[in-house]
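Spelled out, the chains give:
There are 4 protein chains.
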Amino acid sequence: MELSSIIEHLAQRYVDLNEGVKPDYIPELNGVDGRKFGIGLREISGSYLGFGDHGEKFSIQSIVKVLSLTLAYKRLGEDLWKRVGIEPSGSAFNSLVLLEQEQGVPRNPFINAGALVVADVLVGLYEDPEQAFLDFIRGLCGDQGIYFDENIAASEKAHGHLNAALTHFMKSFGNIRNEQNKVLDFYFKICSIKMTCRELATTFLMFANNGVQPLTGEEVMSSSMTKRVNAIMLLCGFYNEAGEFAFRVGLPAKSGVGGGIIAIHPERYSIAVWSPLLNDKGNSLRGFRFLEDFTTATSSIF
Amino acid sequence: MELSSIIEHLAQRYVDLNEGVKPDYIPELNGVDGRKFGIGLREISGSYLGFGDHGEKFSIQSIVKVLSLTLAYKRLGEDLWKRVGIEPSGSAFNSLVLLEQEQGVPRNPFINAGALVVADVLVGLYEDPEQAFLDFIRGLCGDQGIYFDENIAASEKAHGHLNAALTHFMKSFGNIRNEQNKVLDFYFKICSIKMTCRELATTFLMFANNGVQPLTGEEVMSSSMTKRVNAIMLLCGFYNEAGEFAFRVGLPAKSGVGGGIIAIHPERYSIAVWSPLLNDKGNSLRGFRFLEDFTTATSSIF
Amino acid sequence: MELSSIIEHLAQRYVDLNEGVKPDYIPELNGVDGRKFGIGLREISGSYLGFGDHGEKFSIQSIVKVLSLTLAYKRLGEDLWKRVGIEPSGSAFNSLVLLEQEQGVPRNPFINAGALVVADVLVGLYEDPEQAFLDFIRGLCGDQGIYFDENIAASEKAHGHLNAALTHFMKSFGNIRNEQNKVLDFYFKICSIKMTCRELATTFLMFANNGVQPLTGEEVMSSSMTKRVNAIMLLCGFYNEAGEFAFRVGLPAKSGVGGGIIAIHPERYSIAVWSPLLNDKGNSLRGFRFLEDFTTATSSIF
Amino acid sequence: MELSSIIEHLAQRYVDLNEGVKPDYIPELNGVDGRKFGIGLREISGSYLGFGDHGEKFSIQSIVKVLSLTLAYKRLGEDLWKRVGIEPSGSAFNSLVLLEQEQGVPRNPFINAGALVVADVLVGLYEDPEQAFLDFIRGLCGDQGIYFDENIAASEKAHGHLNAALTHFMKSFGNIRNEQNKVLDFYFKICSIKMTCRELATTFLMFANNGVQPLTGEEVMSSSMTKRVNAIMLLCGFYNEAGEFAFRVGLPAKSGVGGGIIAIHPERYSIAVWSPLLNDKGNSLRGFRFLEDFTTATSSIF
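Chains as they are written, first to last, in my numbering: chain A, 703 to 1004; chain B, 703 to 1004; chain C, 703 to 1004; chain D, 703 to 1004.
Calculated from the structure, these hints are not laboratory results.
Don't take each hint at face value.
Put simply, identical chains are the same to the list, so a pair is met inside one copy or across any two.
Said to hold, decoys possible - Here are the computed lysine-lysine pairs in the DSBU-like style, where the Cα-Cα straight-line distance is at most 30 Å:
id : residue 1 : residue 2
1  : K738      : K776
2  : K896      : K738
3  : K759      : K784
4  : K884      : K776
5  : K784      : K724
6  : K738      : K884
7  : K776      : K724
8  : K784      : K738
9  : K884      : K859
10 : K884      : K724
11 : K784      : K859
12 : K983      : K759
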């Protein structure tokens, strides 16, 4: 069966599924229609398959952490790992506990503390980090129409006391080096980016293609570094549901609280799913189930 | 280049490496010659490549946890996950802490607490669990010459107060159901098994072949269950060095304190490495480095 | 107003109070009539005041930890503190966590882990520790009619997996030195002792009198050691309700899950209260409230 | 022997003691002469005894937490305990861990998190909290010459990322209600107050006299509330050395990182000791030892 038929067929199972909740702390995310459901798959050949609301922009939220990590890793190389680890954190609950035990060095770049360190790295590297980051993503995506959503960024900052706490806490250990408000502003800005499933699948295609964006031929990262980012996604991309996701889906992936999930099948494709209602671990409920069925039908990497 | 040449070539780099330490708490492991170095790789076609001390028996220790998990999962199916989780534990340190938070349900089947629950399952399923387990392994390996090392089992039991503590602790939550000494005896017995690299690679070949042992054609587990065990190996096989291992090697694997490592390249091969000197996380130092070079040279799954 | 009138007057407030729960894991404690209510106060002059069920025996449970600590401290002196600390544990929840952090040295002698270390000390000091302990208490109380309740001890042992876990865990750190079953048996035995309010107040009178049992004139401990045991009672006697108790009652005290509380007003009196229904922290609900009123009416040490 | 002779006699033992370290993170505290040693004792009769540098001002630091607690408790009454607990925290290490477990309600008012909540209460109660607080202390002390040290406050704020982290963290739980910088500024200001041993002993005399400042006859708090503050001092005044201090000294007390200790003997006296070199728990080394000898010689409350 063709991939397009499989997607169509499996997606139908979930079109009417209405379970899950939207995040209540950000009005802009809470206001999104819970019935939205989009899927975009791009093969490394370049061919693209879309389903449902795949052309509608949504807030990618934590999915952006893979891209900020990629830019920082590309620039700093292995020195980056002096400031952030690559081990699963075990549990959401532990983030602060572990940070205390480990003297301000976060477990991995996808828990909030780790993403804040990565943001601090980028703030230190660029004179205009926001512009540099937009340029980087626009290049990957081949689209100049990627912007920050200032409303979402402002709204998250207003509720961002936990991230402010993490930043100050790491600054007390010397692992945040720039002025904390600059780091937090940058962090909230990049989390506010909105993309479509199509844009997301295109942007992440390099992770399925050994670091080369196949549409442009640009080598963004070496094959070895790309594998490493994929490994971090597989182990840490779903917080304390990482094991469950690897167990059921078996692909490197990253989720965001906006209901998006990006997953990578190395040497084959990248796939983006969007459905705003979340399960009790904060990951897209319908997205997770669809991807489980999809990789069962098409075979995952394990 | 042929796999055999690659193995030969890369192994030479490490033949004289003499770093690392042997475990000091078990005389039988401490007495092993630290210079031993063996490699055995078996492809799913059945062809086998050996290097160095690949024909010498060593204590497989925690590597056995994959096999006891496999037998219990095969028998109980998904019900097994009511009694043990599939999430990385985050850190060695946390095992007891997490066990308390999570009311006696261990994080995953490879930390000691989880392996004790799996042992309890097997003790409950079989009248003679030791014989049943030997039969299972002998069947996988195609070799009747697999035995428990009673000296090692006795020595570990004598120093096994931490495992006894875990067992009693889980019994207080009702998650150990058989008499604690029976469970502990069985656990120490199975950890005492000795195998060669060749036997180990053969035994684990089914994990590279969707659950079918290619040498006999027997379907030990379904393809889907096999992928899941591989996912657990990838996320949890190296305790709090799981991220580092996935990052550098990129294969599902499991290590033992006897200096063995088994790794799986799905749809290609299983590889066993043995070198008794351990790094500071308790994993074979030379084994880890060799596997990193080997998968870099031959490409890993990510 | 006379102390006897105050006791009578305040006790009347609570005679009909029927709140709280009995422990459900020990049949012998669960079977006790929840309406029981006894008070016994002995002044250092020797004069005694009793109220209600003050002549009825009940299971003193953890109250005994003060007496086992006293005997061990008397024998070992300040060396005892190499094996057990004197800091409040912060919370019930943390006991196992802290024990892991602190390498098997319990926070204080009143959490279970600490009391097990004290039991281990006594098991190591005496050929027949049970007899030696009975002799010690009988001497303090001036009464040969103090016995272990073998049924309660057996019942607690059968449910004692958490204590067995703690014992094995500390043995793994070398802080339990005798055979674990001997230590556990001794521990469950001494916790099973039954006494009346009258006997309890008499036994503890030495803590109000600088270490001298006023009825016999025997100096059990030095004044300085006695003050120290009183300090530990004040800081650690009520687990994670120690602050609340010090705040409301202001006296060194120890509670037991059998519903007993002993409190000490240095240089004035000892008071025992018994009422089997417990609050949500496991301390006698009526006992706590009565003592709060009583020390408010008569002034506590702060 | 007269108290004055005892003080003189015991102080001589320690005059030449030069052990301990000064805090290195605040230049103003680090620059103080480590040989300074002052003692001031005021009896409830009003008579005063001074020794050594008792007339020299030093930074009282965390000792002020008792005074801010007193003002907040006086104003809010028992409602205060909805926002901060009264249990010992167990350990310095745990402060952040416990705060996470307990949803932003600090263990007690003397750990930093608790003192920040108390500061938040005062910031919410007064239009000019700094002036109100100075007025309160000046009234207790009978001296208009009490000021904030703006240099120390600024220096601490510059290094205050941990306190900023705690404030943001509690704000994320809704337990800091005013703008965080206002709370932090007020907190650093009150910690910067400088007093002499004489002023300190005078200010705290009310805690030895049931809430009445004997020099003026003013009832600052009720007897019952005063006892409660004393109980909190006894259980929580020395962080994770609280047990040790109660054990050795046996008085309600509070220490500051500036090397000051205030201790209360209810119904007899208040005593302030100042010696800038600290032990490994951050409490004045010489102050602690002197107080141990002093209460041994004069008898403490237990």
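Do the hints match the structure? See the list:
no., hint, verdict
1, K738 to K776, "neither (35 Å within a copy, 39 Å between copies)"
2, K896 to K738, "within (15 Å within a copy, 56 Å between copies)"
3, K759 to K784, "neither (36 Å within a copy, 39 Å between copies)"
4, K884 to K776, "within (22 Å within a copy, 41 Å between copies)"
5, K784 to K724, "between (36 Å within a copy, 28 Å between copies)"
6, K738 to K884, "neither (34 Å within a copy, 43 Å between copies)"
7, K776 to K724, "neither (34 Å within a copy, 38 Å between copies)"
8, K784 to K738, "neither (41 Å within a copy, 33 Å between copies)"
9, K884 to K859, "both (12 Å within a copy, 19 Å between copies)"
10, K884 to K724, "within (29 Å within a copy, 34 Å between copies)"
11, K784 to K859, "both (28 Å within a copy, 28 Å between copies)"
12, K983 to K759, "within (23 Å within a copy, 45 Å between copies)"
The earlier numbered hints that this structure contradicts are 1, 3, 6, 7, 8.
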